[in-house]
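Respectively, the protein sequence lines represent chains A and B. For the record, in the first sequence the residue sitting at position 69 is 69 according to my numbering, with numbers rising by one throughout. For the record, in the second sequence the residue sitting at position 279 is 279 according to my numbering, with numbers rising by one throughout.
Simulated from the structure, these hints should not be mistaken for laboratory data.
To list a few chain A residues with every Cβ distance to chain B over 12 Å, as calculated:
1) I11
2) A43
3) D63
4) I95
5) Y97
6) T129
7) Y169
8) G173
9) G214
10) E225
11) E231
12) F234
13) H302
Going by beta-carbon spacing under 10 Å, a handful of chain B positions derived as facing chain A:
14) G25
15) A76
16) L150
17) Y152
18) W155
19) L160
20) F183
21) V602
22) A605
23) G609
24) V611
25) L619
26) I620
27) L623
28) V627
A virtual CB, placed ideally from N, CA and C, is assigned to each residue, including glycine.
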Amino acid sequence: MDSWLLTLIIISPLVGAALLLLPRRGSDATIRWAALGISLITAVLTVLAIAAFYADPPTASGDGFTLKAYVPWIGAELRDSSGLDISGNSPNIDIAYSVGIDGISVWLLALTAFLMPLAILGSFTAIRTRVREYYILLLLLHMAMLGVFCARDLLLFYVFFEFTLVPLYFLIGIWGGPQRRYAANKFFIFTLAGSVLTFAGVVFLAYYAYTVRGDLTLNLWTLTEMGKNGEIPFNVQWWLFLAFAAGFAIKVPFFPVHTWLPLAHTEAPTAGSVILAGVLLKLGTYGFCRLSIPILPEAAFHLAPVVAVLAIIGIIYAALAAWVQEDVKKLVAYSSVSHLGFCMLGLFSLKVAGVSGAVIYMVNHGLSTGALFLVIGCIYERYHTRSIYEIGGLARQMPWVAFFLIFFTLSSIGLPGLNGFIGEFLVLLGTATSATTTDMKAAGPLGYGYVIPAALGIILGAVYMLWMCQRVLFGPLKEPAGTPDTSTGLTKDLTPREIGFLVPIALVCIFLGVYPKPVLDSFEGAITQNILHASAEATVTQSDETQLEQLTAAAEGTPLNPPLVRGEARTAPLDHGVAESGDARVAADTPRGSNESGASEALWRAGP
Amino acid sequence: MDVDTLKILGVVILLAPLTGAILAGALGPKLKGNTHWVSILGVGTAFAAAICVFIHVSGVETGSVSALVPIYEWIANGTDTVFNVELLIDPLTSVMLLVVTGISLLVVIYSRDYMRDHGNPERGYERFFSFLALFVFAMCALVLGGNFLLLYLGWEAVGLCSYLLIGFYYQKPSAAAAAKKAFLVNRVGDFGFGLGILMIYLTFGSIQYEAVFDAVRVAVASGDPILQTKITIIALLLLCGACGKSAQLPLHVWLPDAMEGPSPVSALIHAATMVTAGIFMIARCGAIFAASPVAMTVVAVIGAVTALFAATIALVQTDMKRILAYSTISQLGYMFLGIGVYAADSAIFHLYTHAFFKALLFLGAGSVMHAMGGIIDVRQFGGLRKVLPWTFLTFLIGSLTLAGFPLLSGFWSKDEIIHHAFSEHWILGGIGLVTAVLTAFYTSRMFCLAFLGKERIPEGVHAHESGKWMLLPLFILAIGSIFAGLAGTGLTGKCFHGFLEPVFADTFATAGAHGAEAAGHAGEAAAHAAEAAGHAADAGFLAAYGLLILSAALAIIGILAAYFVYVRNQWFAGVMKNTAPGVYDTLLNKYYLDELYDETLVQPAKMGGKVCVGLDDYLIDGLVWIVTAVPRALAYLVRGLQAGKLQGYAVSMVAGMAILALWVFWS
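This is chain B alone, in the form it adopts within the complex (with noise of 0.2 Å):
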């Protein structure tokens, strides 16, 4: 590939948000409500940018597809160290930065209008049009970085900018509150992220994605036990940071509470930016990862757990966005139980499909969200379908696609993952259907609490259609939702897997043998070890369709089942929340997860602070008060002997003579 036009592209799509971000709070107070003109501008200049990546690595007939671009040397130590800011660009990049660019441009413009009436008072709309672009800037900087140090620094950056908008309102204490669990629970995830970048240092003495990724090669190759025991432990301290940033279990909790932001931004946080960074990590990384069967296990399993567990607890939520939240940690679990399953095209698929119906969502709730007064809360309204019919429309789809109804995007991706879960292992593949027919549940429930049943609108408030800033991006939106899947269908032939194939190349590889050992278990090794040596394990034809139908009716049953409960007979809802009350009740406090990391982690450590500073105060200046207590206690003594009496001095210095006069006879 043309290094020097990506070189370039790669370029402009860094310093385009980036400079928007600069410009926008630099000139905001002079733009004022002309401020998001900026940021679109910068965002829809890195769109363009990325398109023409797309184009160019898209375009590549032979050779490789992809291409590292050294742009300068950042952190040079002498001979022993030297780190490059350096891009890497291939398929997986290419694919990424369009769905971050392209859903951001789509906020930044529903955000005009959003903004208008959610801004704060001072400077509220510049500062918020600077931090989207800086967020986009950051999210750019994680996917096109060409080692791991680069991928931290987009890492973090993505967490500051995260923090700024989730704490947008900050004089909301709960607002400031979140902003800082949500950086701080992604710190911990980075703890473990930043050891495990040192270990790949330290273990193959370089941090460049191609470099390890190859040595990885060579040490599996190798057989090495010690090497191998050690590449687990990367990959398990990678995937501490893949859970803090994707809010996968057990650091999950940020992410709900992050809808303290505005609207937009939880779109951004949940379909295009943060939360895809721990699964474009664990993509990225697929050749560490696929070398571990251990992480690939504890991948799985993590995923699978939180996607059941998200989607048990959104079923009781009343806040939208609330619930919205916990969808995407569920959805999030599917990507991880995608990759640890050796499906990580799918699992990127899934992350593709599922940005355009998150997104939609997440402006549909804004939309209502701002018809309402800023009240989300589905108790408080319903009925909404007159008042709102276009946020209804496409809100309907967002749902629907949610739900994995069939034929729309988010069906052909969650089957897909569903159907790898099976050829792995019963039990997750299982969790994986479970789980769609509960999301299929909770989203119509909202929906229906939302939008069917009798209108029921808040006091004092002037419900209203939003205008058509807003509108557009939820059309682009809708229209995404449903015909974004069909890249990944065999009606396109598979083209977005087909695309993406280069890059997890070693994931295939791996579950070639994985399935083809599999396979062997279940006493059909030959059919199976064919298929596998090109891709995963495909089971059977009428495997794979029967799933399809499956998960087709599962979805429909849940749907229509929450439209039993929730339209049709409401009386049976209290029934449901009444039979277990403490089910319901742990459901609703979302398993006391945030009180017990409370009770086990923060008190204790802050209570460790207080006996530090008790230490501190009483033991050590204890002993520096003792070691300067004997030059005291003398003084003490002798301070009579110098009292500024005369016959004092006269006593002893008689006393001193007859002394000395004394030692010198005797001796």
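Okay, chain A solo, but in the shape it has when bound (with noise of 0.2 Å):
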């Protein structure tokens, strides 16, 4: 039941790329809205296929992906159409163009394809030299970044997400600020540095899925299933988890491995910034979300207490230097830091509530500090400065800028009502709840001692967003010489065309702060399935103890954790996730790690 529907939404941008090759002569004018059309063809594509993916949803019983497609790749020649290995050789390679999306990854593929129109039309007026090139090199990334979220075979993930390093190295050395050089070349080495490692874990990692399944496969179900049927050991994962967080964690960006960020942004044009904040940033945090925890349940599990006090500390520590910049878009990029603490704090609680937190905290910090950069660009555009020192009382000036700046300041320091408290709450309520046993659910690493620390961030994020807004906003007029400039068409307020990309943005801030269930509702199947699976497996010995405690509590009859009355409808999941973790139980309590494994070792250690 192949769909190309996805398919076609990733190459949509490429083919719109090798069109804009094609008149040599069309006006600058003529290719953006080349280039706005095309990106608005994948937006509308990939509204298809959220509507193919609420009329089909992923079922209960399957590998919980739809419009799936499976095209083999490497070692093609050793299967037939079905997949199925024909040639009787070994070893097999199961290396494919398979692409799908679950509950998780369709929306970060609507985040991707929502933002992309709105970059392009924010350079309409900023970017005057190269154009051509400029938007060749944006749907280039279009399509790396569509990619990331589709795959569904690790060699696939790690093209594209390689790939998204090239376009945007071109697209902040040539269009960047006066440090552009610098700054492209630091970003390229200090991803890339990481990426290495990260290959050579998905590398190992296929070898190893051979030692023990005799297929060399980077079919994500297939490790998926080795991660949830605990095929792997500990040592492995530990060792395979920090290649892949290697790559990952310098990504997200994480403490201690963020200061190619702040420099990136600063230095990157509009476009650039919106995209490298809305959603390159969330590549990271996706391969842990879909690499690490599922494979690597075990070493995620018991790693996650490190992961999370880095996360802590990058939130505090981001958050502190945030607040001391004078230049704009290095405040951002410092919150943006601080954010992603946040999201990483809530996929490491392993619990439903933590992990879909943190992607709707992928999603909505997407749109915040993918908005708050536009606005930022609107305000550089005028006064070609970035320093907080020589603008201030823009409010004045730009009743627009001030109402869209102190928008979506407010959805990125989690004002109820908007979108970024959804991501907020449930990331500190599953950090929070992550070492309860409610609802036959094993104990996550986490705990309450987590979020104290972690609430600091909140009260630091309003105080440098809130900083920024009155010294920019606020106070007396102050405008270095000469500007604004309004050369370019501008004029003093925003435009129409700028107002019309902020505006898509506000409404969907709103949407999601008001009524984020659609969204909501989507993640708990992916994340049962596809995220979370293993882990109650893997923390049944840890959870032991504190299952005592509840029964003792329960024995002695106090009510620690009544149940919350729900409606009918919730009840069918309910026994399903029981059902699954259930099975998971008896899965642990036969003896894999001993024989099984040892056995895989040997042969690893033997070679093939």
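Assembly of the complex is requested from the two constituent chains, each provided in isolation within its own frame, with the hints serving as guidance.
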């Protein structure tokens, strides 16, 4: 039941980029509008994909993905059209062009497709040189990002993941600010250094899968199954986790490997910053979410406290650093580091609430930070400065800018009723309740103690963002000489085009804040099936003590956790979850760690 | 109760001001000077709906007086967590709604004239009315919310609105700073509040009021010490939020600065919205607080200390609005004290009377400011009774009520709290009485300086009485200040308290037990235990009236003392100032708390930020540089070998071949 919709989505920007090459004499305006049109087509296709996702939701019994497509890629000659081995040879290679979306990736896909047209629209007046190349690179970047969120094969994932570097390197290096070369190099080398280790991990994982299963596979589903069944021993998981983390943590960017981001953000052109903050950083957290946690559940569980502590240090560290920035873009960049710390914290609570909080946090952060960069871009185009000390009191001059800047600031600092709050709340809730064992789910690695310092980050978040608003918008008017620059057809306040790309984001922010249910609902199945499937099993031993406590408490008649009253509709997935974790427990009881993995380890040492 | 009707009413109360806010913002540029109608309509509709809710709730003859009205599923996260948007409507809610929407409506009406002259040149007028309506929406959401998450929503939203309105004159750096300060200090409180909510969820598995309170009751009944400790921690965390919102020590610093906003905003913040939120929250969570004697003591002590502390500062301030701001902090302290001594109904009663006279005073101060061309420092004007006759009259009523003049509304409610405080501990009651004297003194001082004595008007100011849009709310509030207190007196059979009684059943039950215990210590166990069963320990008839007379006398003494010093013998004020300059300066500088916070919290944090940036730039990037330096050094070493010189290549080729040949022959 292949569906080519996702493939169409992925290649549409590529085709568009090729089209942009064709009319060598097309004017800049034509190219701009063409690029916008192409990205809009992609967006429409994505809407279709979302509709298809809802029309044909992943079933509980399957692998949780829908709109799947599978074409053997490497080792194709050894297989028939259904992917079955026909050669009889060993090793069997299963590396394929395999795409599909589940309840998590569909929204990240949507975020990407939504932000790109707005980023393109935001570049209309800002980019005046090498226009054609600029939009071609943006579209190539678009393709790569879409590809990452659709990929279901680890190699495909990695190819897209790495490919994002190339267009962005040029975008920063050519159209960036005064320090663009240095920034682009630093960005490229930092991220590449990490991804190389990730690639080593990928190769090793494929090889390990071969030693266990006799298949040299990079099929994400197979690998997830291996994680689920505990076919990877703990020490292997541990090293693989570190290898994956090397690439993903830098991408997140995770303290202490975040120093490339402030510079890259500062120097990148507006659209580059928007895409970087909006989507590219999510590739890191998405990687953790899609690979590290499901494939390496035990390592994830054991390293979660370390990750969480680093995340919390990052939250506070980056918030403090943001406070003393005088460059607006740098300030927002540091805020990203701080916010993504929350995201990581939620992910590694290894609880449904925390993970869905983290995923919606990714979407929300993409929206609000992307929008903040767009607003700052609007200011920069007029005043040619990003220094907080050179501008001030703009609210009087630019009421629209004031409105949007305050709006997105509020969204970013988690005002309830706007989108940011939902993620923040769920992340903290997931972290706080991580150690409890409600609803037959095993205990997670974190607990209430982690919430307290993290919540400090919420105060600090308000501190630096409001400080920035105060300096930029309020007080007496302060403008550098010769500004605002209206030579490119801009007006003092925002033009309709600029309002046009900010309003959609604002509307989505309100919608997600007021009614996030449709999005959150789709997470649950994906998380229990594809992300946290194995953590219950992995943590059974850890949770025994806590469970004992619970049981004694229950025996004494103390209602520690009185169950919530829920509607009938909610009980079905609950039952399923219980059944599944029950299965996992049975699996855990069998002596998996000793025999099988011991044998496989021996095999690995001996070589094929 | 009829849930469907309540649902419609509740939604109307929420949506009417919100729609008003959105329309005022959207249509403002077209409506310009008529924007106030949109807000008046929105808030007015909410007020009307609030009256309907009140009638509905008070009309309940039998059965439960509280109803949980579900609206829709808000944050639903799979099987683990479901959080609804739901409204809780009970007597407490309906009283709060009346206060909030009623006072706000008057403030909106008042602003119609006031903001003509005090709005910003561009779009100020529309912006103001839009924010005002939004403020009312936020506060209604806070009051109506049926679970802690919605409470948090309203909580943050009023913080936002206060930010927008305090910073209304954003071009004034002090206003922008005050707005930010208000938001951030509140955020510090919210830090505790949010953690408290998470802890509630963690402990009880729900955040819906009723479910949580029931679980608390079960926990109390079980007597589990661990749960008991958890409840105390929860109560203290929630208290942290209440201290921020209701401007109690040590988080009170934002409120005095908040008067940088336009005067109607101050009236709104001080009387109807914002600061009442903390009191409301603690009253709403009575079950949690009552379950923890420690938390109750802390609440009472914070309240008493804040009441006294703020009153002393108010003695020496010269800015009318600032004096009023400190008086608000002090009065809120009374309310905290009331809740802390198991008299939540008295605290809400004081909240209700306070709303009238504090709104009256702030709007009156606004009227003075309006007449004085924006000057509000009592050193620069005086003797305004002839110039502003109506403002004078209404302000007089407001001042007397605040001072606790007998038979006015403030007198009843304040006396009740002091009375309950005495039954808990004599020190608390004593502080209440001392504060009452101080309140009478500083209020009268302000009044005397502004309205009595020789007429002094700043140069170039055309002093004039305000128009009818501004005077009408003043009259209504003045009438309210005089008579509102009757609802809680014996004259009306304490109908106010009777109405609220079902809400505070927990508090009273605990108070009963508590009172009995206290009475036992005093050796009057028998007499008290009998009374305590029904209501909070109600002392004897004579004791009650004795206190009533005492506090009336103290209020009059305070008023006369101020009159004596500031009208009759003004030289005496200078004597007081000079006898203890250290004390005077300390009070004038608000005990230097702002400076203390800046030195101990803000600056170190900023330093921390600089350290972090330094670490980024030098340590982390330095390490990265070292890592990259290794290949760079290697490259530097071998670079010479590929310099493009043919001779060099030839030599190395020969050398290589020689080594190869050697190696081959050798082996």
